[in-house]
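Peer 1: In case you want the letters, here they are:
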Amino acid sequence: MSAERCRTLLAAVGGGGCRILDLLEGDGAGGPCPGVALHTDAAALARLRVPRRLVMGEEVCGGGSTGGDPRTGRQAAEASAEAIRALFADCDLAVLLTALGGGTGSGAAPVVAGLAREAGALVLGVATLPFFFEGQQRRRHAEDALRRLREQAGAVVVFPNQRMLEAGGEGAPVAQSFDAVDRAVGEGIAALARVLAADGIVRIDFNDLRAMVAGSGGTLALATAEALGPDRAAEAVARLLDSPLLEHGNVLASARAMLAAVVGGPDLTLAELEDIMTGLGARAHPGVRLHFGTAVLPAFEGRVAVTVLATESDRPTPAEEPAADAPAAADPAPAAAKGARGRRRTEGRPAQGLLRLEGAGKGRFRDVDPTLHEGEDLDVPTFIRRGLRLTRP
Amino acid sequence: MPSHIAALEIGTARVRALVGEPREDGLLMVTGRGECGAVGVRKGAIVDFENALDGVRRVLQAAEEQARVSITQVYLVLCGADIRSEVNRGIVHVLNEEGAIRAAEMEEARKNARKVTLPADREILHSIAQCYYVDAQQGVVNPEGMEGRQLALDMLIAHGQGAVLRNTIRVARSIPADVEDVAFGGLCAALAVLTPEQKQSGVALVDLGAGTTDVLVYAGPGVALAASLSVGGDHVTNDIALGLRIPTAQAERLKREHGRAVPRPGDGAPAIILPAEGGFPGRTVLRADLDGIVHARMDETLGLVRAMLAEAGLLAQIGAGVVLTGGGARMTGIRALAERTFNAPCAIGRPGGVGGIAAVRDAPEYAAAVGMLRYAAITAQRDGGGGRLREWLASLLGAVRPAGRRGDSA
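The listed protein sequences correspond, in order, to chains W and E.
Going by my numbering, the first sequence opens with residue 1, and the numbers climb by one from there.
Going by my numbering, the second sequence opens with residue 1, and the numbers climb by one from there.
Keep in mind that the hints were calculated from the coordinates and are not lab data.
Bear in mind that the values here come from a model prediction, so they are computed numbers and not experimental data.
Hints should not be assumed to be uniformly reliable.
So the derived list for chain E, only partly shown, Cβ under 7 Å to chain W, looks like this [said to hold, decoys possible]: (1) ASN238; (2) LEU286; (3) ILE293; (4) ARG297; (5) GLU300.
We put the beta carbon where it would ideally sit given N, CA and C, even for glycine.
Produce the entire structure from the sequences given, and follow the hints as far as they go.
Peer 2: Below you can see the structure in the form of C-alpha cells.
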C-alpha cells in the first residue's frame, strides 16, 4: 500500500468543523481532498458549499441542533452509525475535523472516530478547543470529548486556544479570533493533504504518517507557513518557527518525531530545500525522527510553503514549568479577581498540562523518557499498538 | 590484586553482587552472593539515587558476609543507556624504512580506529578490535612483522548515553567502593554462557532483562554488534497490568507463573484465578487475554532484535543461532518463539564453569554478573593485575580517585 496514493477523507463533525471545511471548499477548486460534512442540524448543513453532507440522527434531533448537549450528539452519531461507517469504506486516512465544546462536535466526533477506525482507516483527529471566554461548561465538554476522541483516534492535532489568541493578537475582536483559528486549521489541513496527495519528488507516504501517529503519544502540533520572493525559503522557515502553533519553535525543540513537507512551484531549487531543512534542523531535537517530503505543484510558482507536523512532548516546555503556574495554583482567588485577561493567562497553561497527562496509557513508564523506535513509543503496550482485541471489556 | 573479585549489577528488577575467585584451571568459584529487588531503576537507568544506593549497600554487605571478605573494589555491569555500536576503520600508512608493521603502527591503527565522532551526550564504553587489513589482505589477526604499505584495523565501538552510565558508576562510587572497571551487560553475559565454538560459528546472545534487552553478536572476525534495547520484562508486566487492569504485583506474578511467549489454545484452564490479597479484591482473568498480551510484547521485542541484526547484515552469519539469557529466558515458549523469529536454532544460556554457590550456576539471570567476574579475571590477567581505570572512565568521572590507590596501578 505504501506505493499507492493515500486515500484521504476529510470529515467535518459539528458546526465548527463544518465551518472550516467550508472555508477549505471555497478556497480552491473543491478543496484539497474529498470532504464530507456531518451535522445534526440539517439547516446548517444546507448553508454549506460542501457537496457531500450527512445529517446525523434525524430521529434523535429531528434535523435540529443538539442544544449544546454532547450526550445528544453522541446518540445522534450512534443512530446513524451505518451511514457513517459507509462513508469511510475504501479510505486509508480519515482526517476528522471538529471544534470541541459544543454538542455535536464533542458528542459525535469520538463516535465517528471509532466508526472510521472500525472501517479500517487511520484516524487523525484535528480539534480546536473553545476559548476561555466561552465558559467553563464548554471547556469541560471539550476536555471530556478530547479524552474520548483520543481513545478512538490514532492521534489528535490540537489547536489550543491560548496559542490561537497569540496568532490573532491579544486585542483582536472575537469574530476575528474565531476566523484566525479557522484559517490556521484550514491552512494546516490543506497543506497536509496536498503533500499526501501530491506525487512528490521526495514522497511522504501514508506509512510515514502512520508511524508518526503511532509514536506520538496522542498529541500532535501542525503548522504551515508560506513565503514569496527571492528569500522565500528563509522567510518561510522564519515564519514557521515564529508560529504560536509551534510555541515559537519550542514544540520542535522537544518533538521526538516530525514530518516536514515543502511544497513549491517548478522553480523550487535544491538549495532552497536544503536551506529549509537546515533551518528546521537547527531548531529540532537532535534525536528527532524526521520524515521529509517535497512536492512540486504548478500553482505554487514563485512561492514556497513549509508544513510541519510534530509530536508534542509530554514534558512541559520551559514556558509551562511549574514556576509559570505557581502563582495561579497557590492563590487562585486574586487571579480570578483580575478579570478575563488575567484568567486567560494564568489558566491557559494548566488546561494544556491537564490534557497532556491523559495521553498516557503507559502505566509505570508514564514518568520516564519514552523508548522510541521508528516513531513508535514502545512503552505503550504492544497489544494496544497492534490493535489486539481482548475479551475482557 | 586481591584473590577475590566483586561484580556488581544494578539491574532494573534486581541488584546483584557476586564475589568470586578465578582458579588456575579456569573454574570460577563463586563464594559470595547478595541480591535484592531494585528500587529506583527504570529501563536500566537510575531514577532514584538514594534508593538505588540503599539496595547496592545491602547486596554488597550480604555478599561480603557470605564470602567473608571485605569489598573495596567492584567491577560494574552496565546495561541500558541505549547502548549501540558501530564498526570504525583506522588506517595507518607504514612509513618506516623496512616497510614492516611494528607495534607502533598497530597502536596507531588502534588509536585511529577509536576516533569516532559521537553526539556530545554519548560516551564510548568498549572498543573491541575485530581484524586487521594489510594492503589488500583481509582478516589478518596479528600483522606484527608483516610487510605492507597500509595497515587498517576494524574496531567495534560500543557507546551509550553518558549521563546514564555516569549515574550508575556514581552509585557504586558512593558506597564507597572503587569502580575498577565497567563492562556492557551483554558482553558480560556472552562471556559467561557462550562457548568458543559458538563464537566461532557466529552467534547472537540476547539477554532478556527486566528493563532492557541487551544484544551481543559474534560473527566473522569477532564481536560484530553490541546493542541495548530499552524494552524488557517490565514492559510485559506493565502490558499485563494495563490490559487486564490488575496491580503491577499481581501482573508480575501472573507473568512468572502463567506467561507464555507462544499462545497454545486449549492447553491449560481457560481462566486463571487471581486470589484476593492486600487491597486487591481478587479476579479471574482469561488465559487467552494473557497469552495475547504476552505474545504481542515478546514477539515485538524479538522482532526488534531481529531487525537490528538484519540491518547490520548479520542474520545469515549466526550459524550457532541464538542464545537467550536473563530472567526472560525462563518464560515458557520463549525458545520456540525465538526459533521462529530468527529461523535459527535457539538455546537457553546458563553460566557454566562455575563452582561454589549452586544457585548461581545454571541460572540465566546470573549470566551478566558471572560474566563480569570472568571479564575481570581476563582483564586483570592481561594488564598484569593491579587496579586499572581506563582512560575514558577517568575522563568520565574527573580526577576524583584517591591518589594513593592510583599509585597502585602505575
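Peer 1: Work down the list of hints and note, for each, if the structure agrees.
Peer 2: How the hints compare with the structure:
1. ASN238: It holds, given that the least Cβ distance between ASN238 (chain E) and chain W is near 4 Å, below 7 Å.
2. LEU286: For LEU286 (chain E), the interface hint holds, since the closest Cβ of chain W sits about 5 Å away, which is under 7 Å.
3. ILE293: 5 Å, holds
4. ARG297: With Cβ-Cβ at 4 Å, under 7 Å, it holds.
5. GLU300: 5 Å, holds
The structure is consistent with each of the numbered hints, conforming to all of them.
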